[in-house]
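K.L.:
If you read the sequences in order, they're chains A and B. Here the first sequence stands for residues 47 to 188, where the numbers follow this note's numbering. Here the second sequence stands for residues 11 to 152, where the numbers follow this note's numbering.
Hints are supplied without guarantee of correctness; some may be wrong.
[Stated by the list, open to error] Distance windows between CB atoms, simulated:
| hint | chain 1 | residue 1 | chain 2 | residue 2 | range |
| --- | --- | --- | --- | --- | --- |
| 1 | A | 187 | B | 13 | 33 to 41 Å |
| 2 | A | 90 | B | 73 | 45 to 53 Å |
| 3 | B | 74 | A | 150 | 27 to 35 Å |
| 4 | A | 93 | B | 91 | 51 to 59 Å |
| 5 | A | 102 | B | 123 | 19 to 27 Å |
| 6 | B | 121 | A | 184 | 29 to 37 Å |
| 7 | A | 120 | B | 86 | 33 to 41 Å |
| 8 | B | 91 | A | 98 | 47 to 55 Å |
| 9 | A | 124 | B | 45 | 41 to 49 Å |
| 10 | A | 146 | B | 19 | 33 to 41 Å |
| 11 | B | 95 | A | 127 | 33 to 41 Å |
| 12 | B | 76 | A | 186 | 39 to 47 Å |
| 13 | A | 120 | B | 100 | 25 to 33 Å |
| 14 | A | 124 | B | 40 | 35 to 43 Å |
[Claimed, not checked] Short, incomplete list of chain A residues facing chain B, as computed with Cβ under 7 Å:
| hint | residue |
| --- | --- |
| 15 | 124 |
| 16 | 175 |
| 17 | 184 |
| 18 | 187 |
In short, the hints are calculated from the structure, not lab data. We put the beta carbon where it would ideally sit given N, CA and C, even for glycine.
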Amino acid sequence: MPARPFSRRTALGTFGILTTVGLTGCSARATIDSLKAPTPPTPSAPTNPDVGLVAQVGRAMTTADSAAPAAFARLHHAQLSRLGETSVASPGTSGGNWRSAQKRLVTTLTEASVAATETDLVRLLASATAGQRQLLRARGLG
Amino acid sequence: MSDQTDAVDALQTALAAEHAAVYVLASLGGRLSRSDNATLFETVEQAYDDHVAARDTLIDHVVAAGARPIGSAAAYDLPRGAGSPVGIRRAALALEQHCAATYLSLVTAVNGDQRRLLITLLGDAAVRQLDFGGSVETFPGS
Numbered sequence: 047m048p049a050r051p052f053s054r055r056t057a058l059g060t061f062g063i064l065t066t067v068g069l070t071g072c073s074a075r076a077t078i079d080s081l082k083a084p085t086p087p088t089p090s091a092p093t094n095p096d097v098g099l100v101a102q103v104g105r106a107m108t109t110a111d112s113a114a115p116a117a118f119a120r121l122h123h124a125q126l127s128r129l130g131e132t133s134v135a136s137p138g139t140s141g142g143n144w145r146s147a148q149k150r151l152v153t154t155l156t157e158a159s160v161a162a163t164e165t166d167l168v169r170l171l172a173s174a175t176a177g178q179r180q181l182l183r184a185r186g187l188g
Numbered sequence: 011m012s013d014q015t016d017a018v019d020a021l022q023t024a025l026a027a028e029h030a031a032v033y034v035l036a037s038l039g040g041r042l043s044r045s046d047n048a049t050l051f052e053t054v055e056q057a058y059d060d061h062v063a064a065r066d067t068l069i070d071h072v073v074a075a076g077a078r079p080i081g082s083a084a085a086y087d088l089p090r091g092a093g094s095p096v097g098i099r100r101a102a103l104a105l106e107q108h109c110a111a112t113y114l115s116l117v118t119a120v121n122g123d124q125r126r127l128l129i130t131l132l133g134d135a136a137v138r139q140l141d142f143g144g145s146v147e148t149f150p151g152s
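Just need the whole structure built from these sequences, with the hints factored in.
P.N.:
Put into structure tokens, the structure is as follows:
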């Protein structure tokens, strides 16, 4: 596994490079015309679905950890760090159902890995699923 | 190589790992006394049953993919130092770690239900590591 974390910067950097290469092919005439023409609306960058997956996983972990033993938050903090995401405290949202929330994370992580397209992200999410199952088992919940 | 070929190759590689696991665990179990080491014997026996089930599931998936499942080898190298309960536990832990690493290496070659299956088997191997003295990891299999 590479040490480099998966990040939005990784996902969007490729688009930036491709955009730059494409723009260098414009002719001088086109440049002049573009100066005369009204400013077109700025096209939005294509959405990388993997970025949304990582954010979704981060939110699910944060919610599940709010009332869970600290061991879960520690595990998820380490996992999210590798995913290029940070956990944010969200007290009280899972309440007394933290056990169910932690078990649901197995499904959340599995489905995120199935949906992911970037190979490093697929592996990180699959492995994080296994780590979650280990901790659940160690706590008598799996 | 087509995606379909990659997927079948991945399933066959997983199946080969399960054939080896079944053989090795049967050999390890045969070296244990149920009366002298009841807990370890039952743990090895449960792991053997789990790997037999995983092997059969993988055979079903290979067949469903239109391929002929590979068979087991006539024999496999047995781990060194597995002549005592401590050595048997260590060998079984190494076996589960190897299986987890194998599954993690294959998850990107498959999609959909096949990826779900490999993630599940990866998690199963990671959980069994705890039974053989392993500890919770951030990213099992990596």
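K.L.:
State for each hint whether it applies.
P.N.:
Hints, one by one, checked against the model:
The given range of 33 to 41 Å is respected by residue 187 (chain A) and residue 13 (chain B), whose C-beta atoms sit roughly 36 Å from each other. Under the hint 45 to 53 Å, the C-beta atoms of residue 90 (chain A) and residue 73 (chain B), about 46 Å apart, fit the expected range. For the hinted restraint 27 to 35 Å between residue 74 (chain B) and residue 150 (chain A), the CB-CB distance of approximately 29 Å keeps it satisfied. Taken as a hint, the range 51 to 59 Å holds for the pair residue 93 (chain A) and residue 91 (chain B), whose Cβ atoms sit roughly 53 Å apart.
Between residue 102 (chain A) and residue 123 (chain B) the CB atoms are about 21 Å apart, so this pair conforms to the stated range of 19 to 27 Å. Here the CB-CB span from residue 121 (chain B) to residue 184 (chain A) is close to 31 Å, well matched to the stated 29 to 37 Å. Hint check: residue 120 (chain A) to residue 86 (chain B), Cβ distance near 38 Å, so the stated range 33 to 41 Å holds. Against the hinted window of 47 to 55 Å, the Cβ-Cβ separation of residue 91 (chain B) and residue 98 (chain A) comes to about 48 Å, which satisfies the hint.
At about 42 Å, the CB distance of residue 124 (chain A) to residue 45 (chain B) agrees with the hint of 41 to 49 Å. Checked against the hint of 33 to 41 Å, the pair residue 146 (chain A) and residue 19 (chain B) passes, with Cβ atoms roughly 38 Å apart. The beta-carbon spacing between residue 95 (chain B) and residue 127 (chain A), approximately 38 Å, falls within the hinted interval of 33 to 41 Å. Between residue 76 (chain B) and residue 186 (chain A) the beta carbon distance is about 42 Å. The supplied range of 39 to 47 Å therefore holds.
In this structure the hint that residue 120 (chain A) and residue 100 (chain B) lie 25 to 33 Å apart at CB holds, the actual value being about 27 Å. Under the hint 35 to 43 Å, the C-beta atoms of residue 124 (chain A) and residue 40 (chain B), about 39 Å apart, fit the expected range. A hinted interface residue such as residue 124 (chain A) counts as satisfied when its beta carbon comes closer than 7 Å to some beta carbon of chain B; here the least separation is about 5 Å, so the hint holds. The beta carbon of residue 175 (chain A) is positioned within 7 Å of a beta carbon in chain B (closest approach about 6 Å), and the interface hint is therefore held.
Annotation: interface hint on residue 184 (chain A) holds; nearest CB of chain B at approximately 5 Å, less than 7 Å. A hinted interface residue such as residue 187 (chain A) counts as satisfied when its beta carbon comes closer than 7 Å to some beta carbon of chain B; here the least separation is about 11 Å, so the hint is violated.
Checked against the numbered hints given earlier, this structure breaks only hint 18.
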